[in-house]
Amino acid sequence: MKALAAALLVFAAACGAGRAIFNVDVVSFLQPSGKDTLGYNVPAAPISVSADSFITPQKISLPSGLGKSTVDSVTVTAAAVAENASGTGSATFEVFFSRDSATVYSPPSYISASGTISGTQPSTVPLLAPSTVSLMDSVFNTNTLWVGIHAKVTKNAGPALIGRVRVTTLLLRIVLQDKVF
Amino acid sequence: MRTGVVAVALALLVLAPLRPARAQFSFDARRIGMGGVSLSRDGNARRYNPAYRAVKNKNKISGNPKFSIPVPLGLIQFFKDHPIGQLRHDPMFSPESTAFNPVALMDVIFNPPIFYEVRKAPTPINDVEFTIGRNQLIVDLGASKVLVPEQDFGLGTTSRLLDAGFGFAGFHVGVMGFLQYDVAFTLDSTLRSFLTSDSSARPNTPYFLNTDGTAQAGFAPTVSYAGRLLRGAGGDDTDDGFYLGGALHYYMGATYARAVGPAGFTTGNPVLASTPAPLLNGNLYTSNKPFGHGVGGDVGLVWISGPFEVGLGANDIGAKLTWDHTKIQRFVFDTALNKILDSVVVADTTSKTTLPITYLANAALHMGTGTIVGGDVVNTGRGTIIHVGVEQRTGPFAVRGGVSRDQRRKMQFGFGGGLKFGSIGLDVGFWTHSNSLSTQRAITMATSITIY
Numbered sequence: 081m082k083a084l085a086a087a088l089l090v091f092a093a094a095c096g097a098g099r100a101i102f103n104v105d106v107v108s109f110l111q112p113s114g115k116d117t118l119g120y121n122v123p124a125a126p127i128s129v130s131a132d133s134f135i136t137p138q139k140i141s142l143p144s145g146l147g148k149s150t151v152d153s154v155t156v157t158a159a160a161v162a163e164n165a166s167g168t169g170s171a172t173f174e175v176f177f178s179r180d181s182a183t184v185y186s187p188p189s190y191i192s193a194s195g196t197i198s199g200t201q202p203s204t205v206p207l208l209a210p211s212t213v214s215l216m217d218s219v220f221n222t223n224t225l226w227v228g229i230h231a232k233v234t235k236n237a238g239p240a241l242i243g244r245v246r247v248t249t250l251l252l253r254i255v256l257q258d259k260v261f
Numbered sequence: 007m008r009t010g011v012v013a014v015a016l017a018l019l020v021l022a023p024l025r026p027a028r029a030q031f032s033f034d035a036r037r038i039g040m041g042g043v044s045l046s047r048d049g050n051a052r053r054y055n056p057a058y059r060a061v062k063n064k065n066k067i068s069g070n071p072k073f074s075i076p077v078p079l080g081l082i083q084f085f086k087d088h089p090i091g092q093l094r095h096d097p098m099f100s101p102e103s104t105a106f107n108p109v110a111l112m113d114v115i116f117n118p119p120i121f122y123e124v125r126k127a128p129t130p131i132n133d134v135e136f137t138i139g140r141n142q143l144i145v146d147l148g149a150s151k152v153l154v155p156e157q158d159f160g161l162g163t164t165s166r167l168l169d170a171g172f173g174f175a176g177f178h179v180g181v182m183g184f185l186q187y188d189v190a191f192t193l194d195s196t197l198r199s200f201l202t203s204d205s206s207a208r209p210n211t212p213y214f215l216n217t218d219g220t221a222q223a224g225f226a227p228t229v230s231y232a233g234r235l236l237r238g239a240g241g242d243d244t245d246d247g248f249y250l251g252g253a254l255h256y257y258m259g260a261t262y263a264r265a266v267g268p269a270g271f272t273t274g275n276p277v278l279a280s281t282p283a284p285l286l287n288g289n290l291y292t293s294n295k296p297f298g299h300g301v302g303g304d305v306g307l308v309w310i311s312g313p314f315e316v317g318l319g320a321n322d323i324g325a326k327l328t329w330d331h332t333k334i335q336r337f338v339f340d341t342a343l344n345k346i347l348d349s350v351v352v353a354d355t356t357s358k359t360t361l362p363i364t365y366l367a368n369a370a371l372h373m374g375t376g377t378i379v380g381g382d383v384v385n386t387g388r389g390t391i392i393h394v395g396v397e398q399r400t401g402p403f404a405v406r407g408g409v410s411r412d413q414r415r416k417m418q419f420g421f422g423g424g425l426k427f428g429s430i431g432l433d434v435g436f437w438t439h440s441n442s443l444s445t446q447r448a449i450t451m452a453t454s455i456t457i458y
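Note that the protein sequences, when read in sequence, are chains A and B.
Per our numbering, numbering of the first sequence is gapless, rising by one per residue and ending at 261.
Per our numbering, numbering of the second sequence is gapless, rising by one per residue and ending at 458.
Any given hint might turn out to be false.
As the list claims (entries may be wrong) - Derived contacts from chain B toward chain A, CB cut-off under 10 angstroms, selection only:
1) D133
2) V134
3) E135
4) F136
5) T137
6) I138
7) G139
8) R140
9) N141
10) Q142
11) I144
12) D146
13) G303
Said to hold, decoys possible - Examples of chain A residues toward chain B, derived with CB under 8 angstroms:
14) R99
15) A100
16) I101
17) F102
18) N103
19) D105
20) S108
21) F109
22) P112
23) L208
Keep in mind the hints are simulated off the structure, nothing from the lab.
Ideal Cβ positions, reconstructed from N, Cα and C, are used throughout, including at glycine.
Sequences are here, hints too, so could you generate the full structure?
Right, here's the structure in full:
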């Protein structure tokens, strides 16, 4: 990665005093291992019950120079859907970022969204996070980023709540002020 | 790390566009005002055309300029913007500065600020975007795409470092020193497409530059002749006539080296899942012993008839050097050992190199009404440059104009004027050029004092 990044960033240097912008498609890193989906199965109960589901933190390798760079801004765009098979309730998903895997799920989350599962099932419920969240955080001033996804579902009293939360969009836009070497 | 990579970037930028080191072709505002035409029988003419050895130097004729002294207005502005005492902290020269712009620095190197830049070429400062996915890597260089060369690119020239000797009756015996180098790079089509078409890098795919560089130097005992074979209608008191010159060189190469092969990297699978493997697989040819040898020659002719003068000269015709003791080494990057391995392919063999033919064709017409029209076509080893210019003198005033086609095949334009007071003249010339890292032309204003 270092060699490739260095080779490519030679051209970033050539762009003069402009910025280097990294658009990272995080979902593409999650999909091959199925970490873009979190299944849930909350048994039937006469009371409301909540359940949590987490993915194993996913490592994302970024160009090596990021660790030395001045991060101008970071924006995250995220969206998910709850693909519910049966039952009603609500679903929430949260996205976490960290510089190391051990602290990924330390609160607070960077972005979250929730939706209500109701009516005739099965159904697909969009979980729309704010369209773009601006972040100013040293977490992104690194060449190794860990991402975690947390899904929380709450079942209404009654039948089991079965389905999965699938992350459909998770884009990072990291803007650097030319300090990538 | 940053400094090192910026150094690599600078090196690439030096070599990337097809630009000659001879960007500033003259310090003479008169010549610049005529698009680069030289109307004097200067050293350049004698360098390329051995027949000019037999022609009088016009500079020694009354009324013609003896020499010019540049007035470096550009340096004044440059050092005002970049004080000498603060150069260490000047963003232009400090890669550690966030305002450091390699393109701006290269523009200064390509186009030394001797003269005042009336219109500077814009420096690309656009953003560069990287789109990164698990199996996707797209680079959008934006406006900087113009920096990616379309064809082969590099640097090269042939120089004659010395030419000493003695002569009689048109004959000349001496020794000439020569230095020739040519470094050519060609972007592989996959790499070029990746950099220019916003397409994703593909897994398990090599991205590389093809490199072919040669440098050789030595000296050549030379026998030459230059003489006026036919006299013109003007008689002996004029330069009229047909002149012929030729030189025979026995090249004795002191040393040479040539490197050929691809250099780049091979992506992993997925593209970003593993470290790309450096790609290097080239041969290096070096001379074990001096005295590569070969024979070549120069020829030239000049015809002068009253106000008309034309010349044609070519150098190093048939100059092929044989190096009897050449070592060939192979350099390969071993991905398993993660280092470059070198091995001797052939310890001692024979190889051949060629000196490129360089030439100059020139013509001038002195029209008697104070008008001089001239032009030349010159090739110093890497591309042809064409200049055409005119000067009109009326009393103490002179008006000049000209056009040229540079090595990038772009048309450039010059115009200017001058005032002559006795033996001193003040000249100004404007010249468009594309020496900067930009597709847009810049305009330089040259100023010089001419001594007549």
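List of violated hint numbers, smallest to largest
13 and 23
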